[in-house]
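*Asks:* Chains P and B are the protein sequences, given in the same order.
Here the first sequence stands for residues 1 to 239, where the numbers follow our numbering.
Here the second sequence stands for residues 1 to 239, where the numbers follow our numbering.
Just to be clear, a hint being listed does not mean it is correct.
Intra- or inter-copy, both count: the list cannot distinguish identical chains.
[Claimed, not checked] As a list, the in silico PhoX-like pairs of lysine-lysine whose alpha-carbon atoms are at most 25 Å apart:
1. Lys160 x Lys55
2. Lys184 x Lys238
3. Lys227 x Lys32
4. Lys118 x Lys217
5. Lys117 x Lys80
6. Lys67 x Lys142
7. Lys160 x Lys184
8. Lys140 x Lys217
9. Lys160 x Lys118
10. Lys184 x Lys80
Derived by calculation from the structure, the hints in this document are not laboratory data.
Computed from a prediction, not measured in an experiment: that's the story for all the values here.
2 protein chains.
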Amino acid sequence: TISTITMSSFAQFARNSRKIVGIGRNYADHIKELNNVRPTEPFFFVKPMSSLLFKNQGPVLLPRGVKVHYEVELAIIMGKELKDVRESETDRIYDAIAGYAVGIDMTARNMQEQNKKKGLPWAAAKGFDTFQPISDFIPKEKIPDPHNAELWLTVNDQLKQQDNTNLMLFRIPRLLEHISGIMKLEPNDIILTGTPKGVGPVVHGDVMKAGIRVDGKEIAEGLMEVKVEDRQGGYEFKL
Amino acid sequence: TISTITMSSFAQFARNSRKIVGIGRNYADHIKELNNVRPTEPFFFVKPMSSLLFKNQGPVLLPRGVKVHYEVELAIIMGKELKDVRESETDRIYDAIAGYAVGIDMTARNMQEQNKKKGLPWAAAKGFDTFQPISDFIPKEKIPDPHNAELWLTVNDQLKQQDNTNLMLFRIPRLLEHISGIMKLEPNDIILTGTPKGVGPVVHGDVMKAGIRVDGKEIAEGLMEVKVEDRQGGYEFKL
Ligand SMILES: [Mg+2]
Ligand SMILES: [Mg+2]
Ligand SMILES: [Mg+2]
């Protein structure tokens, strides 16, 4: 079962994962910085499993013609199936969560902006290979209150994002009510809970580091470092 | 390996599948019927694995407040990894395809229309549980030319969709160049190649049947029949 997950087995674990769900616009200041409209209910996109990038699996690759942004997020790792759960059923919800991870929801921002204008899916802009770097598995006990933890991200050791998860507009029970009322959540599913303010571009040669702190203390499993490189070949985005 | 897939093992096979990619707007008359713009290059959305519905797994469930449309499509089942393939590499492409299936890309049309207007993802509108009924696995040999097969769908035995796959705007090699240049395709991945004209709503109590004919002959593995019922509980869409 999920409770036996260790750091070393997480890549194997996530290879059995079937779904990556990304929540959009869940921090007010991030909504403002992209001039987006605040949602009246949660919404999500789906990232393909092929976008996952584990520790030491290599760099994030920037597709040709694409402006790529980082978005550091708290990831929920499901441990049990959850279907049609209500926000108020917090015991059932937290019992179904196996633990957490830090994820960087890499986003092809210029493609996404064009797709938004045209009313097209976000799938490609969110789904390139290597677009979902993820930390080791963080056992649930290490983050006793997932709405009181500090996410951070640096690029070339310059601080870009640093905010507390208490700024989430829709909290985890509300997110899981929304998602599980549409699609059943299954063990090993990964849910990205949205990014705080400070998103921005990366270019070839950059190094991203990210992590999560509880009570000012770094959670070792959440620490990640990943290089950024230009991708050779493949799809080229043209406006 | 994939070549050993039999009808009875397909549900197991697809449970190992990691990605469902749906191509949008790939038949001219379907683009017209929804007043959509013809794309200058292929585009896709990603459906969650949890939306898959195999033969005899039960009905398609209609979420509350949602107008659900059927879209019959030729599904490609991948047998080998494919990454950054060029349209011209047809041998490599067809060698990487394990076979086909008939799929019904169920779509929450009113949600999708609202999401298009707001520039939001299509993931929820395409991703409800049971929204991806799929036939048995069709070995590659049974459809020697995937661009010369007739897709059909009936609702309550009334013919709603019937068109030849030779009407695809972007053919399979072009689709696979596009997708594999963004996300590597992996064995067991499922690609929906778009729907011909004739899409429309289903309501509680309806029965959908679908299939595919080659040279006027029904392919047994492609035959499917699935009921439609209202879903109890879960997400309710409100305009
Ligand atoms: Mg994000
Ligand atoms: Mg989408
Ligand atoms: Mg479709």
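*Asks:* Each hint: holds or not?
*Replies:* Now for the hints, and whether the structure bears them out:
no. : hint            : in the structure
1   : Lys160 x Lys55  : within (21 Å within a copy, 50 Å between copies)
2   : Lys184 x Lys238 : between (37 Å within a copy, 20 Å between copies)
3   : Lys227 x Lys32  : neither (28 Å within a copy, 45 Å between copies)
4   : Lys118 x Lys217 : neither (44 Å within a copy, 40 Å between copies)
5   : Lys117 x Lys80  : neither (37 Å within a copy, 35 Å between copies)
6   : Lys67 x Lys142  : neither (35 Å within a copy, 43 Å between copies)
7   : Lys160 x Lys184 : neither (34 Å within a copy, 30 Å between copies)
8   : Lys140 x Lys217 : within (16 Å within a copy, 56 Å between copies)
9   : Lys160 x Lys118 : neither (30 Å within a copy, 28 Å between copies)
10  : Lys184 x Lys80  : within (10 Å within a copy, 29 Å between copies)
The structure is inconsistent with the numbered hints 3, 4, 5, 6, 7, 9, although it conforms to all the rest.
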